[in-house]
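Visitor: Residues per chain are reported as follows:
There are 2 protein chains.
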Amino acid sequence: MAEEKKIPYKIYLEEKEMPTAWYNLRADMKNKPAPLLNPGTRKPMKQEELEQVFCRELAAQELDDETAYIPIPEEIRNFYRMYRPSPLVRAYCLEEKLQTPAKIYYKFEGNNTSGSHKLNSAIAQAYYAKKQGLKGVTTETGAGQWGTALSMACAYLELDCRVYMVKVSYEQKPFRREVMRTYGATVTPSPSGETEAGRAILKKHPGTTGSLGCAISEAVEAAASREGYRYVLGSVLNQVLLHQSVIGLETKTAMDKYGIVPDVIIGCAGGGSNLGGLISPFMGEKIRGEKDYRIIGVEPASCPSLTRGRFAYDFCDTGMVTPLAKMYTLGNNFIPSPNHAGGLRYHGMSPVISQLYHDGLMEAVSVEQSAVFEAAELFARVEGILPAPESSHAIRVAMDEALRCKETGEEKTILFGLTGTGYFDMVAYEKYNDGRMTDEIPGQEELERGFATIPRL
Amino acid sequence: MAEEKKIPYKIYLEEKEMPTAWYNLRADMKNKPAPLLNPGTRKPMKQEELEQVFCRELAAQELDDETAYIPIPEEIRNFYRMYRPSPLVRAYCLEEKLQTPAKIYYKFEGNNTSGSHKLNSAIAQAYYAKKQGLKGVTTETGAGQWGTALSMACAYLELDCRVYMVKVSYEQKPFRREVMRTYGATVTPSPSGETEAGRAILKKHPGTTGSLGCAISEAVEAAASREGYRYVLGSVLNQVLLHQSVIGLETKTAMDKYGIVPDVIIGCAGGGSNLGGLISPFMGEKIRGEKDYRIIGVEPASCPSLTRGRFAYDFCDTGMVTPLAKMYTLGNNFIPSPNHAGGLRYHGMSPVISQLYHDGLMEAVSVEQSAVFEAAELFARVEGILPAPESSHAIRVAMDEALRCKETGEEKTILFGLTGTGYFDMVAYEKYNDGRMTDEIPGQEELERGFATIPRL
Numbered sequence: 001m002a003e004e005k006k007i008p009y010k011i012y013l014e015e016k017e018m019p020t021a022w023y024n025l026r027a028d029m030k031n032k033p034a035p036l037l038n039p040g041t042r043k044p045m046k047q048e049e050l051e052q053v054f055c056r057e058l059a060a061q062e063l064d065d066e067t068a069y070i071p072i073p074e075e076i077r078n079f080y081r082m083y084r085p086s087p088l089v090r091a092y093c094l095e096e097k098l099q100t101p102a103k104i105y106y107k108f109e110g111n112n113t114s115g116s117h118k119l120n121s122a123i124a125q126a127y128y129a130k131k132q133g134l135k136g137v138t139t140e141t142g143a144g145q146w147g148t149a150l151s152m153a154c155a156y157l158e159l160d161c162r163v164y165m166v167k168v169s170y171e172q173k174p175f176r177r178e179v180m181r182t183y184g185a186t187v188t189p190s191p192s193g194e195t196e197a198g199r200a201i202l203k204k205h206p207g208t209t210g211s212l213g214c215a216i217s218e219a220v221e222a223a224a225s226r227e228g229y230r231y232v233l234g235s236v237l238n239q240v241l242l243h244q245s246v247i248g249l250e251t252k253t254a255m256d257k258y259g260i261v262p263d264v265i266i267g268c269a270g271g272g273s274n275l276g277g278l279i280s281p282f283m284g285e286k287i288r289g290e291k292d293y294r295i296i297g298v299e300p301a302s303c304p305s306l307t308r309g310r311f312a313y314d315f316c317d318t319g320m321v322t323p324l325a326k327m328y329t330l331g332n333n334f335i336p337s338p339n340h341a342g343g344l345r346y347h348g349m350s351p352v353i354s355q356l357y358h359d360g361l362m363e364a365v366s367v368e369q370s371a372v373f374e375a376a377e378l379f380a381r382v383e384g385i386l387p388a389p390e391s392s393h394a395i396r397v398a399m400d401e402a403l404r405c406k407e408t409g410e411e412k413t414i415l416f417g418l419t420g421t422g423y424f425d426m427v428a429y430e431k432y433n434d435g436r437m438t439d440e441i442p443g444q445e446e447l448e449r450g451f452a453t454i455p456r457l
Numbered sequence: 001m002a003e004e005k006k007i008p009y010k011i012y013l014e015e016k017e018m019p020t021a022w023y024n025l026r027a028d029m030k031n032k033p034a035p036l037l038n039p040g041t042r043k044p045m046k047q048e049e050l051e052q053v054f055c056r057e058l059a060a061q062e063l064d065d066e067t068a069y070i071p072i073p074e075e076i077r078n079f080y081r082m083y084r085p086s087p088l089v090r091a092y093c094l095e096e097k098l099q100t101p102a103k104i105y106y107k108f109e110g111n112n113t114s115g116s117h118k119l120n121s122a123i124a125q126a127y128y129a130k131k132q133g134l135k136g137v138t139t140e141t142g143a144g145q146w147g148t149a150l151s152m153a154c155a156y157l158e159l160d161c162r163v164y165m166v167k168v169s170y171e172q173k174p175f176r177r178e179v180m181r182t183y184g185a186t187v188t189p190s191p192s193g194e195t196e197a198g199r200a201i202l203k204k205h206p207g208t209t210g211s212l213g214c215a216i217s218e219a220v221e222a223a224a225s226r227e228g229y230r231y232v233l234g235s236v237l238n239q240v241l242l243h244q245s246v247i248g249l250e251t252k253t254a255m256d257k258y259g260i261v262p263d264v265i266i267g268c269a270g271g272g273s274n275l276g277g278l279i280s281p282f283m284g285e286k287i288r289g290e291k292d293y294r295i296i297g298v299e300p301a302s303c304p305s306l307t308r309g310r311f312a313y314d315f316c317d318t319g320m321v322t323p324l325a326k327m328y329t330l331g332n333n334f335i336p337s338p339n340h341a342g343g344l345r346y347h348g349m350s351p352v353i354s355q356l357y358h359d360g361l362m363e364a365v366s367v368e369q370s371a372v373f374e375a376a377e378l379f380a381r382v383e384g385i386l387p388a389p390e391s392s393h394a395i396r397v398a399m400d401e402a403l404r405c406k407e408t409g410e411e412k413t414i415l416f417g418l419t420g421t422g423y424f425d426m427v428a429y430e431k432y433n434d435g436r437m438t439d440e441i442p443g444q445e446e447l448e449r450g451f452a453t454i455p456r457l
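For the record, the sequence lines run as chains F and Y.
Residues 1 to 457 (UniProt numbering) are what the first sequence spells out, left to right.
Residues 1 to 457 (UniProt numbering) are what the second sequence spells out, left to right.
Hints are computed from structural coordinates only; laboratory data are not their basis.
Don't take each hint at face value.
Treat identical chains as interchangeable: a pair holds within one or across any two.
[As the list claims (entries may be wrong)] Keeping only pairs whose Cα atoms sit at most 30 Å apart, straight-line, the calculated DSS-like set for lysine-lysine is: (1) Lys326 - Lys431; (2) Lys257 - Lys16; (3) Lys291 - Lys203; (4) Lys130 - Lys97; (5) Lys6 - Lys131; (6) Lys257 - Lys6; (7) Lys10 - Lys257; (8) Lys16 - Lys6; (9) Lys43 - Lys257; (10) Lys130 - Lys406; (11) Lys406 - Lys291; (12) Lys204 - Lys326; (13) Lys10 - Lys130; (14) Lys97 - Lys135; (15) Lys6 - Lys406; (16) Lys97 - Lys131; (17) Lys406 - Lys10; (18) Lys131 - Lys10; (19) Lys286 - Lys257; (20) Lys412 - Lys257; (21) Lys204 - Lys46.
Quick caveat, the model's predicted, so the values are computed rather than measured.
Whenever a hint applies, use it, and build me the whole structure from the sequences.
Guide: Structure follows, in structure tokens:
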């Protein structure tokens, strides 16, 4: 106990201890993630093909399976200094509340105006777009965190920013739209009548509340139809996981500094950006056989790509205009129940995470949203941070793990990623506070309908 | 320049460098703030009289003009460790954007779920109430930050919390209400039909959008009519400024550590809690003749208590049920235009701040809200933090000062308090983004109507 007292509530690294290079886990993976395929030729995408969608350096990062460390440009490091290093928090109050012998830590990425970790990749993607002399970028956003993050990065670099926002979020979160507008972005609810992809989806599913898959189709089309624009994406891609490695690298440095070794590492998983970033240096050690960790991805039961999806090549979007990625997928046409409150609505999963999961290097569990909000409320009350619904998926599983330790008496060290805050999710919290939240899990028939849209190669 | 580079973007103290005692500026003031008067007898309130409204230890702190340092109980220090020390930020990006030779620093108090500095006093007040064995507390909230902070503190200590929320904020900020509910508080829009004070105000001003003064009357009445409840207040009082000294103490320690001496210290002023807390150790040095600083309080032109009010004894509330305080006041009946978007809506001002201002130890300026939001937007874009409208009053004046330095070439060091974030103020930002924000300054006649309600002693 005496030794433990030395660990502060929050471990902040000094600025000079911040990473100067991103870590590219792919370099250490024995089975590399499968390459993206050209949707026309069904052949692996080449650099020059990717450059039609993404800007040059990002296309290179997307394809680079070899370089373990990629230097972070100084301009990006300076931006990081405005809100990083983020704290690694010892959840003393949660431990006390749960009366668990487990030691719980969380890496908190919500202390910035975008409210999440998404800013780590937004600034990188905006920086490379600016460097290439582009005028602007287009993107989609689901819960709104990525759109906000990209708006902030673009405002900082004076780039134009056009965001297609999943309609259900646009309606539930009018204030998210205003934050993006304050940062100078144009925000359009998706599906919209502005693009061919949007019009096609509206025709096929009138009254749809949208999905990330639809919004991606629209954003990709919008970029392609404008001179000097490229599309950027907040999750799923290899490049995004690369940028998000800053989360894991900081966590590892902070833990090493205090001699802390996690037994279990838990992260929520929508497209996989936070999970991939958080686990990267730990997974690297695990793959290299240096250490062993139990690693768990947590997804919503209403959008269970890892736990109930298929490992197959699928389109990243609903409109089937993007490259094909080999990933765990529910089918590009799968749209979670509008009853589902949080983010993590994506039909697929990062190819890196998918490969790691397929190779048995990590586990996945799905949780129901009422249990997630119950954990969120308890966490808010004892730890003083109102968490994002997405992040609360990880809280739920971390708490369950800590409660198991209470039964067994094990003093496990649990690390989880607290990706963001729920300040713009109060409609969902209201539903929970009013006792109106229910759980809706897709039946096998519904899943089969989704699977039917996975292309046969 | 080389020496400057050593100063990081954010200075975080270590936990062991956090203050262990609050600093009571009154102990060093030559002219003490005038005592509160009993509203019936018009004689100075005694400890036992104050205890009918406030809990015991807080009543003692309210009256203590002698003790310079009051230890912070360990339980409160542990709570502080969940979100403090707060960062002292060097605004490199803002300096660059303004092309000013000035060095700008801000103490950022928004990195907690209440979104402001209010939590510093909320936990202290809730702690003493709990310690006294009370069941719960009642309070008012304007912009909603104080109510949120108190809800969080009460949830942590398992105390009941009843909040009267100024109606205009209740309507503009439905999500604030949900945050408070998530923390288990009961929230009532004020004026309400629940209290005599509320009913009287509604009768006199049907359709009023409320004011802090009305909400205080209701909260005081609600506490008095319930067994085991006391009233707590988020600003104005001596005890609140005492707790908020933690802001200034951390700032001073951080600045001393890097050899930084501010020339100008700027804080927004509603009831005076942030301003009083930020300036306290600096003002102490100034009063003791050890150092000189220029100190500026910034208030909205639509609620200009320091710059256009009278220095007189007045009720702290509109219903005239509270003790009388000697302060700069616009009259207890003064209600700012509903057009006014931010907080800082209080008719009076902390007696400590009022006395310091009266004694010429500090300056005050008022600013119009369109200029405030212009500064807020620029700040958000370059510094990456979307500020609360209240805090943006200080940003406006800090920017003006930095722009003056640009003209004169002076390399002044400017320190300001960034009290919180604007995530629940997007209705106001929307108004600004849509070009619908106007400035409405009370005419002399309107002020006279307010002054007429100041009692003659």
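Visitor: Which numbered hints does this structure break?
Guide: 1, 3, 9, 21
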